[in-house]
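Colleague: Sequence:
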Amino acid sequence: MDHSAVDMSVDLSAATGSPAAGGATVAAVLAVKSLQRAKSRLVATLSAATGHDEPTTRGSLVLAMFLDTVEALRGAGVSRVVVVSPDDEVLDAARRAGTHGLPEVDSPTTGSGLNSAFGHGARWARETWPDSTRLVFVQADLPAATSDSLRAVLREAPAHRLSFLTDRDGTGTVLLHGNLLPDETGALDDAPRFGPGSAAAHRAAGAVELDPAHTRWIDLRTDVDTATDLVAARALGIGPHTAEALRRL
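Each residue of the sequence shown is one higher than the one before, starting from 1 at the first, in the UniProt record's numbering.
Possibly wrong hints are sitting among the right ones.
[Stated by the list, open to error] Label pairs and their in silico Cβ distance ranges: (1) V105 / I218: 30 to 38 Å; (2) H160 / G197: 19 to 27 Å; (3) W124 / R96: 32 to 40 Å.
In short, the hints are calculated from the structure, not lab data.
Glycine included, C-beta positions come from ideal geometry on N, C-alpha and C.
Take these sequences, add in the hints, and give me the full structure.
Modeller: Below, the structure written as structure tokens:
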């Protein structure tokens, strides 16, 4: 599995050899909560099992899974990555990883929260990289995700104006992709509907589900919210940052 960080061109036709990518330039947006608040369900079970205090467990694992997700994206040829977070430690780690760290701000219209952070990142990405023709919103807790799976998804996604990939149980969303049209200002800023029942919410908003039979890309579908999810990710093969964090625990 390819979990290595590779600084490749964002021209996905070159990265994949597929004309379906069309030479489009992709910008990726990730959103990460405060390390002290994220993954409460996961931390509760791991803290009981390991005996580590909650802040240590929470921070190390959340940061490690985020870094492995970023490396999978970069290995897939996506070098335009912006990470939105209220946590300075996350932002510093994002910059060290070669991505752009963007402080989270409350929106006067959408307030705070995951989808507001995604929207903030989308606006920043469009302004910073105006030649980008595609936006992809990616969950930051995909430690088993491989670059091969991301390349494959990015080959197929442009066939639809808006498309998404569900998590393992089919109710959540791990990735949302949209094509940016030249005459659209503010397009896709309010497209993310992550959270409970997000697959149904994205479907209702007109997004097309990629691989609705759920037969492919299990590594990419395995987001980690519980200890059971983490076991599943480890069985698939996790990235080096998450492996090291678990070794320390």
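Colleague: Now tell me, hint by hint, if it's right for this structure.
Modeller: Consistency of the hints with the structure:
1. Distance hint check: the CB atoms of V105 and I218 are about 35 Å apart, consistent with the given range 30 to 38 Å.
2. Between H160 and G197 the CB atoms are about 21 Å apart, so this pair conforms to the stated range of 19 to 27 Å.
3. Evaluation of the 32 to 40 Å hint for W124 and R96 yields a failure: the beta carbon distance comes to about 19 Å.
Hint check: a violation occurs at hint 3 only; the rest are consistent with the structure.
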